[in-house]
Amino acid sequence: MAFFAGTFDCVVVGGGHAGCEAALAASRLGCQTLLLTISRDLIALMPCNPSIGGPAKGNIVREIDALGGEMGINTDATALQAKLLNTGKGPAVHALRVQSDRYQYQRRMIRIMDQQENLLVRQNVAVAILTDDAGNLLGVETETGAQYLSKTVILCTGTYLDSRIIRGESNVPGAPVGQMPAYGLSDSLRSIGFNVRRFKTGTPPRLHQRSIDFSKMTLQPGDPRRRHFSFAITEETRQDLPDLPCYLTYTNETTHRIIRENLGRSLFYTGELPGIGPRYCPSIENKVIRFHDKERHQLFVEPEGLDSQEYYFQGFSSALPEDVQEKFLHTVPGMEKAEVVRSGYAIEYDAIDSLVLRHTLESKSIRGLYFAGQINGTSGYEEAAAQGLMAGINAALAIQGKEPFVLSRSQAYIGVLIDDLVVKGISEPYRMLTSAAEYRLLLRQDNADLRLSEAGYRIGLLPEARYRAFLEKKAMIEEGIKALRDTVISPKDETMLKTLTKAGSVLPKHGITLMELLRRPELSYQTLKALPQMPSYPEEVEEQLDIQVRYEGYIEKQEAQVRQFNKLEQKALPQDADYLPIQGLSLEAREKLNLHRPETLGQASRITGITPADISVLLIYLEQQNQRNTKETC
Amino acid sequence: MIETQDTIAAIITAQGMGAMGAIRISGPKAFPAAQALFRSKKGTLIKDMPCYALAYGLIYEGDVLLDQALLLKMQGPSSFTGEDVAELQCHGGPLVLARVIQALAGQGVRPAKPGEFTQRAFLNGKMDLSQAESVMDLVSSSNQVMAEVAIQQMQGSLSDHIKMIKNKIIGWIASIEAEIDFPDEFPQALEPVTFKTEILSMLRQIDRLLETAAYGRIYREGLRIVFYGRPNVGKSSLLNGLLQQKRAIVTAEPGTTRDVIEERMMIQGIPIILMDTAGVRETGSLAEKEGVERAKRAAAEADLVLFVLDLSQGFTQEDQQLLHGLDPQKTLLIANKADLVTEGEGSIREEAGPFEVCILSALEQEGIDALIRKIRERFEAGTLTAGNTAVLINRRQEEALAQTKKALKSACEGLLSGVSTDLLSIDLQDAWSYLGEITGETVKEAVVSEIFARFCLGK
Ligand SMILES: Nc1nc2c(ncn2[C@@H]2O[C@H](COP(=O)(O)OP(=O)(O)OP(=O)(O)O)[C@@H](O)[C@H]2O)c(=O)[nH]1
Ligand SMILES: [Mg+2]
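These protein sequence lines map, in sequence, to chains A and B.
Position 54, counted from 1, in the first sequence is what our numbering calls 686; the numbers after and before it change by one each time, with no gaps.
Position 55, counted from 1, in the second sequence is what our numbering calls 64; the numbers after and before it change by one each time, with no gaps.
Bear in mind the hints are in silico, worked out from the structure with no lab data behind them.
Careful, some of the hints might be misleading.
[Claimed, not checked] Examples of chain A residues lying across from chain B (beta carbon under 8 Å, computed): (1) Leu1065; (2) Ser1067; (3) Leu1073; (4) Leu1074; (5) Thr1240; (6) Gly1241.
[Stated by the list, open to error] In silico BS3-like pairs for lysine-lysine, Cα to Cα no more than 30 Å straight-line: (7) A:Lys1141 x B:Lys418; (8) A:Lys1189 x B:Lys414; (9) B:Lys50 x A:Lys1199; (10) B:Lys415 x B:Lys383; (11) A:Lys996 x A:Lys1203; (12) B:Lys414 x B:Lys453; (13) A:Lys721 x B:Lys418; (14) B:Lys418 x B:Lys177; (15) B:Lys56 x A:Lys1199; (16) A:Lys1189 x B:Lys177; (17) A:Lys1189 x B:Lys56.
[Unchecked claim] Quick list of simulated restraints, FRET-style, between CB atoms: (18) A:Asp1208 x B:Val73: 51 to 59 Å; (19) B:Pro201 x A:Lys1124: 31 to 39 Å; (20) A:Asp673 x B:Ile179: 43 to 51 Å; (21) B:Glu422 x A:Val1120: 25 to 33 Å.
Quick reminder that beta carbons are idealized off the backbone N, C-alpha and C, glycines included.
Chain A with its partners taken away, still in its complex shape (with noise of 0.2 Å):
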């Protein structure tokens, strides 16, 4: 029988990383907030690989940090290696990623929400959302049939709903780490008008540390140098690393033969399962077949924390059958006795058709229900996390009545994510891409703090000592590009021409300023700082007046491209247009139209199907209607 069970503003379902940064944010904006998860011991649960970031998904956790989001520190809390990525490249593609003990990185993140004034965490699974006859958002209700009533509700819902697990010819429900598929909620979701759709990931096998033999692979050490996510460094995240080491090895010919030959016991090969899966994560089975002349793929042995014996193996994702995982698991250099004590598996779960959101992600037809994370079709941690952020942020902001807050693609990662997912649409598992931002040369992993603090401070995430520190940073960026500007060293200057020499660039026939010197490709700040007259700064602020200045060129293109993206990015469509008349649109065009009603000409020229000779057409009619509008007028 089901039973009134407790007023809230806001219910988060799911304790993964969207509905923790969820909850987080709420609560921490003054909502009083329940999380209900299958599991309490399992909140945070980094089910796949226990590393964080990488390429865009490291920019991500520096975005979801600058904001107050709480990923970034508990990363930090809980690493045992770090690394800076792409160093090789400019600053725009730079990327951290840090392997966490997983174990440590759940038990921190269940204190600090223990701890979050305004959030109960309670272990209970939800089955339904609650509506009013007219369809009106009224909470959720629980298997046990406590009904929680809510103004707000963020399902992040994982890969939970009627997951299925598969390994070969074995199909069975299941979920991560031996837990149960949450049932229920996905026939409400259809009960309410939600269309259901089915996605799929994978996990490589955990082998054992006794049994590797890491003499025959490389070893990958994390940077000396202490990295982190956060802009902001504390008492507990400021210890060396132990740096557990990561290593390297490859598949080779015999590998990639018994999965080939072994592909018939695979349930998606025989057509038997259809299962969409990621292809930017793929399994081993499918990178074989994808990329069929290269010679091996690289495999990543990572650490799982430093209580545990268990190994991860980085890019051995697979569904095959067991015995066949062990199988050509021993043909890799260093793997040929390898115990497994996990074996690779793909999940099946249901997501929803993310296009059913706003930039808010709250769904557009029912008010006050939000979704994030993989429920939405994307795959991983970091841009999980975003969305619950985000979601969060906006529940919030809804409930005390005040305006959205949507970032841009030219704002942050985090806008191309959702723009993307709510604008554009996917049909697979979506993994942030570098590619996928226009400008990433704005949204570096270096400036988030300088795109995104003001912004999070505003909300009311990012706390006051914080915001404080920042505009710290952003002043002492100020004076120092003025005095690399206002410095002029002497043609004659000793030091400089010693420094100049040795770096092998031109020396200046007259007064030259600090600026020039830093613009020149051969020289850095770290270089110049031979020279007395450069300004010292700490670490991270050098880094930016070294960025700002060396890549002013570029910065200032991609500004200019984001200004000529804008123009049409401003250009409201009327939302109660009807497109099917239109004569010049294709027909799939005016049917894509009616159906996302876009809110901009930008907005719809990102949606698939619509081409630039729509776009024309729109703009002509929006010509055609202010004509009309003047006439009626005047």
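Fit chain B with the ligands to the given chain A structure using the hints.
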């Protein structure tokens, strides 16, 4: 709302050229309207004909037989405009064609406005905006529906050219992106040395295209042909001969023409601006002096100078002096008044040296056709140099291509100074986007509104 279309018709072959004349009927009532006039020899009805089928038959207005004709049926959307289209290829001259258009009006078919087929083609997605724009450029300059037809093929090849370059650039961008997101799978995307060679070769390609901008202007504004020479040699007579009308005053007195007289016409689909000028000589008259100055300026700015001399007087000293400053590539030497001489034609060709000679009589209208042929040859030789079939049609395209060039140059310089590829992609993005402006794949509001204004859709 962009309105539902009525049915329109127009003559689509150039006026007065050739034996055949074609009429295009486009719109929802194209087939019934054509059917009301057209009776197939075999008795086939248009509605029963397959798309792209031809039928032979007779055209009647009521019971009056107007002409014999071939009817080509094109079912929307598989037609130029994307609507139902019937094209009638008639045998009769301009008068017959005009009567057919009149007869169609009786069926509720309205004469097409200049550029209207193109406008429909664009709105029905049969043509991209830049193609439509180019056609509009031509239409508004020469006011001939014929121009629409002439331009299609040319514009298509420009688009193809640009798309080829664009694809190459998008390939580079894709490699760079792949390298950034998957450094393990795609190590070094662009090898600097090959990349540089490829950018340089692309820059050369773009330069060749930019060179065609001058011809684009000719297509747009017309080929500027200037009559030039001593007084009384027959320049004005020749102008009148080409125009088939007595436009300029002709007298036996030297120094008749004073001002520059400008007239437009089409010669075999080529828009032409004819300019008659004052005969060049030393003179005391202030007005004539100014006329001579203007004549010299016009000759200097011409795409083609028709240098006229009086064959009955031979190749005079003054003729030779005047001719001296002209470029043989841009000049035709017209030996006029051939009716007055019976022999001695050969020597003028020798004396002309590098200048091509055209012997004719403006009075007797003898050799005018040959002159027209030569003008056409010159035009084609000029526009189609070095296998360049793609031509930049307007200033906007020229500007966009110049910007593309700038962006690619910057990418090249970046490459040489060791900038990493992910930064180069910013320049490549710019280049790609500018090229898109030419093909219409980059939508810029300013461009669309400008073209929109010319379509006059607001009315
Ligand atoms: N016999 C003969 N007379 C010609 C011919 N062409 C022109 N004329 C005559 O030559 C005279 C001058 O002709 P225009 O056409 O006025 O000569 P123009 O070169 O324009 O003279 P200006 O305007 O004074 O420079 C007129 O009397 C014409 O009839 C020709 O081909 N044969
Ligand atoms: Mg004259």
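Quick rundown of the hints versus the structure:
About 5 Å separates the beta-carbon of A:Leu1065 from the nearest beta-carbon of chain B, less than 8 Å, and the hint is met. Because the smallest distance between the Cβ of A:Ser1067 and any Cβ of chain B comes to about 4 Å, under 8 Å, the interface hint for this residue holds. Contact between A:Leu1073 and chain B, as hinted, is supported at the beta carbon level, the nearest pair being about 6 Å apart and thus within 8 Å. Because the closest C-beta pair between A:Leu1074 and chain B is about 10 Å apart, greater than 8 Å, the hint is violated.
For the restraint placing A:Thr1240 at the interface with chain B, the shortest Cβ-Cβ distance is roughly 15 Å, beyond the 8 Å limit, so the hint is violated. Residue-level restraint check for A:Gly1241 is violated (minimum Cβ-Cβ distance to chain B is 13 Å; threshold 8 Å). The straight-line distance between the Cα atoms of A:Lys1141 and B:Lys418 is roughly 28 Å, inside the 30 Å bound, and the hint therefore holds. With a C-alpha separation of about 15 Å, the suggested pair A:Lys1189 and B:Lys414 falls inside the 30 Å cut-off, and the hint holds.
Between the alpha carbons of B:Lys50 and A:Lys1199 the distance comes to roughly 59 Å, so the proposed pair goes past 30 Å and is violated. Under the criterion of a C-alpha separation no larger than 30 Å, the hint pairing B:Lys415 with B:Lys383 is inconsistent with the structure, at around 39 Å. The straight-line distance between the Cα atoms of A:Lys996 and A:Lys1203 is roughly 21 Å, inside the 30 Å bound, and the hint therefore holds. Among the hinted pairs, B:Lys414 with B:Lys453 is consistent with the structure: their alpha-carbon atoms are about 19 Å apart, no more than 30 Å.
Of the supplied pair hints, the one linking A:Lys721 and B:Lys418 holds, its CA atoms being roughly 21 Å apart against a limit of 30 Å. The suggested pairing of B:Lys418 with B:Lys177 holds, with an alpha-carbon distance near 15 Å, which does not exceed 30 Å. The straight-line distance between the Cα atoms of B:Lys56 and A:Lys1199 is roughly 47 Å, outside the 30 Å bound, and the hint therefore fails. With a C-alpha separation of about 22 Å, the suggested pairing of A:Lys1189 with B:Lys177 holds against the 30 Å cut-off.
For the suggested pair A:Lys1189 and B:Lys56, the alpha carbons sit about 57 Å apart, so the restraint of at most 30 Å is broken. Under the hint 51 to 59 Å, the C-beta atoms of A:Asp1208 and B:Val73, about 53 Å apart, fit the expected range. Range check, B:Pro201 to A:Lys1124: about 37 Å between beta-carbon atoms, so the 31 to 39 Å window is met. For A:Asp673 and B:Ile179, the Cβ-Cβ distance of about 49 Å falls inside the hinted range of 43 to 51 Å, so the restraint holds.
The beta-carbon spacing between B:Glu422 and A:Val1120, approximately 27 Å, falls within the hinted interval of 25 to 33 Å.
Checked against the numbered hints above, the structure breaks hints 4, 5, 6, 9, 10, 15, 17 and satisfies the rest.
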